[in-house]
Amino acid sequence: MTPGLLALIVLALACGGFFLGRFRALQMVGKDLRLLHSLPGYYGQTVALFTGVPALALMAVWLLVQPIVIETRISSMIPEADLPQGSSRDLVMADVRRIAYGLDTILARGAMSEASLSEMRADLSDIRSRMADVGVALGADVQPSVFEAAKAWRHTTGLARVGMTAATLAVALAGFGFATFRIRPEFRARNVSETFLRWLLIAASLVAIGTTIGIVLSLVFQTVHFFQLYPAQEFFFSLTWNPKFGGGSELSIWPLVWGTLYVSAIALAVAVPVGLFAAIYLAEYASKKVRGIAKPLLEVLAGIPTIVYGLFALITVGPLLRDWVAQPLGLGSSSSSVMTAGLVMGVMIIPFVSSLSDDIINAVPQSLRDGSFAMGATQSETVKQVILPAALPGIVGAILLAASRAIGETMIVVLGAGAAAKLSMNPFEAMTTVTVKIVSQLTGDTEFASPETLVAFALGLTLFVFTLVLNVLALVIVRKYREQYE
Amino acid sequence: MTMVETPAPRSLYTADARTKARNAAEKRFRIYGIAAVAIGLLALVVLLSSVLGSGLGAFRQSVLSLPITLDAKALDPKGHRDPAEMAKATTVTYGKLITKALEAVVIEKNLAPGMKSKQIGELISKEAPAGLRDMVLANPSLVGTTITYDVLASGRVDGFFKGRVTMESAALDSNISPEQLQLADKLRAEGMLKLAFNPGFLTNPDASELRPESAGLGVAILGSIYMMVIVLCLALPIGVAASIYLEEFAPKNRFTDLIEVNVANLAAVPSIVYGILGLAAFINFAGMPQSSPLVGALVLTLMTLPRIIIPTRAALNAVPPSIREAALGVGASKTQTIFHHVLPLAVPGILTGAIIGLAQALGETAPLLLIGMVAFVKDYPGAPPEGVLDPASAIPVQIYNWTQRADPAFVERASGAIIVLLVFLLVMNSLAVILRRKFERRW
Numbered sequence: 001m002t003p004g005l006l007a008l009i010v011l012a013l014a015c016g017g018f019f020l021g022r023f024r025a026l027q028m029v030g031k032d033l034r035l036l037h038s039l040p041g042y043y044g045q046t047v048a049l050f051t052g053v054p055a056l057a058l059m060a061v062w063l064l065v066q067p068i069v070i071e072t073r074i075s076s077m078i079p080e081a082d083l084p085q086g087s088s089r090d091l092v093m094a095d096v097r098r099i100a101y102g103l104d105t106i107l108a109r110g111a112m113s114e115a116s117l118s119e120m121r122a123d124l125s126d127i128r129s130r131m132a133d134v135g136v137a138l139g140a141d142v143q144p145s146v147f148e149a150a151k152a153w154r155h156t157t158g159l160a161r162v163g164m165t166a167a168t169l170a171v172a173l174a175g176f177g178f179a180t181f182r183i184r185p186e187f188r189a190r191n192v193s194e195t196f197l198r199w200l201l202i203a204a205s206l207v208a209i210g211t212t213i214g215i216v217l218s219l220v221f222q223t224v225h226f227f228q229l230y231p232a233q234e235f236f237f238s239l240t241w242n243p244k245f246g247g248g249s250e251l252s253i254w255p256l257v258w259g260t261l262y263v264s265a266i267a268l269a270v271a272v273p274v275g276l277f278a279a280i281y282l283a284e285y286a287s288k289k290v291r292g293i294a295k296p297l298l299e300v301l302a303g304i305p306t307i308v309y310g311l312f313a314l315i316t317v318g319p320l321l322r323d324w325v326a327q328p329l330g331l332g333s334s335s336s337s338v339m340t341a342g343l344v345m346g347v348m349i350i351p352f353v354s355s356l357s358d359d360i361i362n363a364v365p366q367s368l369r370d371g372s373f374a375m376g377a378t379q380s381e382t383v384k385q386v387i388l389p390a391a392l393p394g395i396v397g398a399i400l401l402a403a404s405r406a407i408g409e410t411m412i413v414v415l416g417a418g419a420a421a422k423l424s425m426n427p428f429e430a431m432t433t434v435t436v437k438i439v440s441q442l443t444g445d446t447e448f449a450s451p452e453t454l455v456a457f458a459l460g461l462t463l464f465v466f467t468l469v470l471n472v473l474a475l476v477i478v479r480k481y482r483e484q485y486e
Numbered sequence: 001m002t003m004v005e006t007p008a009p010r011s012l013y014t015a016d017a018r019t020k021a022r023n024a025a026e027k028r029f030r031i032y033g034i035a036a037v038a039i040g041l042l043a044l045v046v047l048l049s050s051v052l053g054s055g056l057g058a059f060r061q062s063v064l065s066l067p068i069t070l071d072a073k074a075l076d077p078k079g080h081r082d083p084a085e086m087a088k089a090t091t092v093t094y095g096k097l098i099t100k101a102l103e104a105v106v107i108e109k110n111l112a113p114g115m116k117s118k119q120i121g122e123l124i125s126k127e128a129p130a131g132l133r134d135m136v137l138a139n140p141s142l143v144g145t146t147i148t149y150d151v152l153a154s155g156r157v158d159g160f161f162k163g164r165v166t167m168e169s170a171a172l173d174s175n176i177s178p179e180q181l182q183l184a185d186k187l188r189a190e191g192m193l194k195l196a197f198n199p200g201f202l203t204n205p206d207a208s209e210l211r212p213e214s215a216g217l218g219v220a221i222l223g224s225i226y227m228m229v230i231v232l233c234l235a236l237p238i239g240v241a242a243s244i245y246l247e248e249f250a251p252k253n254r255f256t257d258l259i260e261v262n263v264a265n266l267a268a269v270p271s272i273v274y275g276i277l278g279l280a281a282f283i284n285f286a287g288m289p290q291s292s293p294l295v296g297a298l299v300l301t302l303m304t305l306p307r308i309i310i311p312t313r314a315a316l317n318a319v320p321p322s323i324r325e326a327a328l329g330v331g332a333s334k335t336q337t338i339f340h341h342v343l344p345l346a347v348p349g350i351l352t353g354a355i356i357g358l359a360q361a362l363g364e365t366a367p368l369l370l371i372g373m374v375a376f377v378k379d380y381p382g383a384p385p386e387g388v389l390d391p392a393s394a395i396p397v398q399i400y401n402w403t404q405r406a407d408p409a410f411v412e413r414a415s416g417a418i419i420v421l422l423v424f425l426l427v428m429n430s431l432a433v434i435l436r437r438k439f440e441r442r443w
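Those protein sequences? They're chains Z and F, same order as listed. The numbering of the first sequence is this note's numbering, which starts it at 1 and goes up by one. The numbering of the second sequence is this note's numbering, which starts it at 1 and goes up by one.
Simulated from the structure, these hints should not be mistaken for lab results. These numbers come from a predicted model, not from an experiment. By construction, the Cβ of each residue, glycine as well, lies at the ideal position given by its N, Cα and C atoms. Do not take every clue at face value.
[Said to hold, decoys possible] Dumping the calculated BS3-like pairs for lysine-lysine here, alpha-carbon to alpha-carbon at most 27 Å:
{"id": "1", "chain 1": "F", "residue 1": "K116", "chain 2": "F", "residue 2": "K126"}
{"id": "2", "chain 1": "F", "residue 1": "K73", "chain 2": "F", "residue 2": "K116"}
{"id": "3", "chain 1": "F", "residue 1": "K88", "chain 2": "F", "residue 2": "K78"}
{"id": "4", "chain 1": "F", "residue 1": "K96", "chain 2": "Z", "residue 2": "K288"}
{"id": "5", "chain 1": "F", "residue 1": "K88", "chain 2": "Z", "residue 2": "K288"}
{"id": "6", "chain 1": "F", "residue 1": "K126", "chain 2": "F", "residue 2": "K96"}
{"id": "7", "chain 1": "F", "residue 1": "K118", "chain 2": "F", "residue 2": "K96"}
{"id": "8", "chain 1": "F", "residue 1": "K27", "chain 2": "Z", "residue 2": "K289"}
{"id": "9", "chain 1": "F", "residue 1": "K73", "chain 2": "F", "residue 2": "K100"}
{"id": "10", "chain 1": "F", "residue 1": "K194", "chain 2": "F", "residue 2": "K96"}
{"id": "11", "chain 1": "F", "residue 1": "K162", "chain 2": "F", "residue 2": "K118"}
{"id": "12", "chain 1": "F", "residue 1": "K438", "chain 2": "Z", "residue 2": "K289"}
{"id": "13", "chain 1": "Z", "residue 1": "K295", "chain 2": "F", "residue 2": "K27"}
{"id": "14", "chain 1": "F", "residue 1": "K88", "chain 2": "F", "residue 2": "K126"}
{"id": "15", "chain 1": "Z", "residue 1": "K151", "chain 2": "Z", "residue 2": "K288"}
{"id": "16", "chain 1": "F", "residue 1": "K20", "chain 2": "F", "residue 2": "K118"}
{"id": "17", "chain 1": "F", "residue 1": "K116", "chain 2": "F", "residue 2": "K96"}
{"id": "18", "chain 1": "F", "residue 1": "K186", "chain 2": "F", "residue 2": "K118"}
{"id": "19", "chain 1": "F", "residue 1": "K73", "chain 2": "F", "residue 2": "K96"}
{"id": "20", "chain 1": "F", "residue 1": "K27", "chain 2": "F", "residue 2": "K109"}
{"id": "21", "chain 1": "F", "residue 1": "K96", "chain 2": "F", "residue 2": "K109"}
{"id": "22", "chain 1": "F", "residue 1": "K20", "chain 2": "Z", "residue 2": "K384"}
{"id": "23", "chain 1": "F", "residue 1": "K438", "chain 2": "Z", "residue 2": "K295"}
{"id": "24", "chain 1": "F", "residue 1": "K252", "chain 2": "Z", "residue 2": "K480"}
{"id": "25", "chain 1": "F", "residue 1": "K162", "chain 2": "F", "residue 2": "K186"}
{"id": "26", "chain 1": "F", "residue 1": "K88", "chain 2": "F", "residue 2": "K109"}
{"id": "27", "chain 1": "Z", "residue 1": "K384", "chain 2": "F", "residue 2": "K73"}
[What the hints assert, rightly or not] Residues from chain F that face chain Z, not an exhaustive set, calculated with beta carbons under 8 Å:
{"id": "28", "residue": "I39"}
{"id": "29", "residue": "L47"}
{"id": "30", "residue": "S333"}
[Unchecked claim] Covered stretches of chain Z, going by a simulated chain F footprint (3 or more residues, C-beta under 8 Å):
{"id": "31", "segment": "250-260"}
{"id": "32", "segment": "421-429"}
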């Protein structure tokens, strides 16, 4: 039974449970509602919750754990000697899965019966051509042990599926029976279902924690794996980035960090003055009408997907800068450059600076302004000497958030900054960033266990820590600032 | 002791140098502010107009209307009109028929004396025979008749009419020659070759590097829709449940504080980190299939959750305590108060936040690249629920994919896809604005 159908059956059972529970409660008291502890719906609700939730939870866990268990069991069936030269166990297991899938297709087409399949042997029949018939392309001829593993994989997966169906239905029915038999007029159905519900709410809010743990674990594990394959001092104390997929790569983080910081610095140099002045103008000078139009329009900039900015950098800004600035000045002839990516990213983060600064300037108490005006200050003097100093911590927080955004930005730099890792001062040269290299190292068709691929996790961890520090700092500053005037 | 010097008395109507300087500074400051707002708005206008300018072309495509004789001898030699039997005629056969039809027209009107049939055939898209074949197989009775069929012109011919390909560039190009372009020009003068609306751009799957004319967004749009539906079904209930707990039930202690800081941080984690999580957790650890909409949707769900929780909490918080107190006062339990009274009043705010979060997820590219959605997918994913495990693409990833190709015709496609993406976002955001305007209550 497919998981989708199974889930539907469980849901149907839960629905039925609701009506049955309600009906049973009403029947017990002969329609005299006063004799029930809770409203009849709550009796139904307990049955529905006890039927559906544990069964679906079990199913989700089963689906998550099953492939891992099967993988380890089957993978031990293949002896070390049968692994082809230069291949790894992971690649062979991928073959096993594909053969199993191919066998399924052959059976589904009725080209072979289950019995003849179990007699089929890799050394007697040409598996490769039969697989090609059903659209499964295999790189080499199939080893007998691999084929046996594929058959076992098919068999175990089938068994596991039956097991999951049985277990899920058993849990659903058990919950159904348990909740139904608990129904008595004095049963506190409302309290029980409300407690149940509250645990569901808690579980939902734990997803956020789970995500963080997941991020940290997946980054840390693979980073440790990376440093087992590649010396850490090379990663931190050398200056060249030159991955070679044949081995012997030089993977230093510094050219990437330099590119990231350079692009972000240019972006902030654009976004901070523009965003800050725009925020001051909109908060202090603009009429209500202008503000009502300009503020949402500026925020549109934040709502545009980054791939759009990336394309803008690639087809408009890059060639423009190359033809009008870089080439006449003799600074380079590449259309993707730090300047291109920085300028476009600067435009993107203008609203991050302006919206948050605008809120913060608005939170400065009016009495400070009135006092300044009363002393004879002009409006700009008030802004410069009273409002900005008062709002400074909040504005710094806004800039830090914008900086973290700029450092983690991916698509603009992938399309605008180039791919060459360089330590150069020339802003019209193509450079690369941490995020660009994460994408390029993980999207190629490479073996997953090589240092060239795993370095992406080390880069990801660097990025995560970097942005985390900036975010926490910004949050603390902004929070403190808000308290100051509340 | 020195006397404090008093300034000479002067009229208040004449500004002194210092006042003038202060007023000038004031004026300058104001101009900086206007300039800043103007720069921001200008950037928006330039950005949108550049994308619109280069992308509108993708919605129009050069087509040749040709009278094609579907030769029964070539397509169905046995004459049974049985689709299974006719499937033996490959696209090569259909390609020859189309070329023959075009050649007949060219010779009849004497448009290109001396041009070889192969060169004439190169004006036609390599994808065109497949379309004709599908049509004939779906309707075998067409065999033996002559039909007028709109054939896609090749990408270079299309580029010529859109100004991308010139006579000079064609002279250097191995795929097209200036003579062929002159022929195309004459065909246009005859009214056979024209730019027509291109519905295929929205429905076709992606096409290979050499056939930009037939590349479309079909698979990407379908993949994006699958993902958005799953994200909505997962992120909205989980997000709302988490917000209700945090806002209404959670006791003030270290643990809930931890969750709160966590949520705030997750909202600011770079999206590519979620891609790494998806790759490591869902694909490598749990063994889910690469480039499937399900994995994409799970990654986007985790990314969208904090972006839904934050506005939902704000919406719950905005419901005045008097509502809660009134409900509690007439004997409702805490859960009843929240689910029967507070939550319904917060629904407009929650939906607005959810739609905006969903719009962000729709435009997100980086995490999807890492989970393999960047692969070339030419087959539509199957119908749900199994279809969510088939490989698919997504609109932003398709845009990225097209920018990586050499033929400039794909830049036009990418910009066109951005227009589609922006239309989706515009619709979603307007929905959010309308919801807010119409239902939001100010207490």
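The hints, checked one at a time:
1. K116(F) with K126(F): 17 Å, holds
2. K73(F) with K116(F): Answer holds: K73(F) to K116(F) is near 24 Å, not above 27 Å.
3. K88(F) with K78(F): 11 Å, holds
4. K96(F) with K288(Z): Since the Cα atoms of K96(F) and K288(Z) sit roughly 68 Å apart, the hinted pair is violated (cutoff 27 Å).
5. K88(F) with K288(Z): 71 Å, violated
6. K126(F) with K96(F): Status holds; Cα separation ~11 Å.
7. K118(F) with K96(F): 10 Å, holds
8. K27(F) with K289(Z): Since the Cα atoms of K27(F) and K289(Z) sit roughly 21 Å apart, the hinted pair holds (cutoff 27 Å).
9. K73(F) with K100(F): 15 Å, holds
10. K194(F) with K96(F): OK: K194(F) and K96(F) at ~22 Å, within 27 Å.
11. K162(F) with K118(F): 24 Å, holds
12. K438(F) with K289(Z): 21 Å, holds
13. K295(Z) with K27(F): With a Cα-Cα distance of about 22 Å, the restraint between K295(Z) and K27(F) holds, given a limit of 27 Å.
14. K88(F) with K126(F): 19 Å, holds
15. K151(Z) with K288(Z): Measuring from Cα to Cα gives roughly 72 Å; hence the hint is violated.
16. K20(F) with K118(F): Not satisfied, since the Cα-Cα distance of roughly 80 Å exceeds 27 Å.
17. K116(F) with K96(F): 14 Å, holds
18. K186(F) with K118(F): Distance ~18 Å between K186(F) and K118(F) Cα, so the pair holds.
19. K73(F) with K96(F): 13 Å, holds
20. K27(F) with K109(F): 72 Å, violated
21. K96(F) with K109(F): 20 Å, holds
22. K20(F) with K384(Z): 18 Å, holds
23. K438(F) with K295(Z): Distance ~21 Å between K438(F) and K295(Z) Cα, so the pair holds.
24. K252(F) with K480(Z): 18 Å, holds
25. K162(F) with K186(F): 16 Å, holds
26. K88(F) with K109(F): Outside the cut-off at roughly 34 Å; violated.
27. K384(Z) with K73(F): With Cα atoms ~87 Å apart, K384(Z) and K73(F) exceed 27 Å; violated.
28. I39: Interface hint status for I39(F): holds (5 Å vs cutoff 8 Å).
29. L47: 5 Å, holds
30. S333: With Cβ-Cβ at 6 Å, under 8 Å, it holds.
31. 250-260: Result for this restraint: violated, n = 0.
32. 421-429: violated (count 0)
Violated hints for the displayed structure, listed by number in ascending order: 4, 5, 15, 16, 20, 26, 27, 31, 32.
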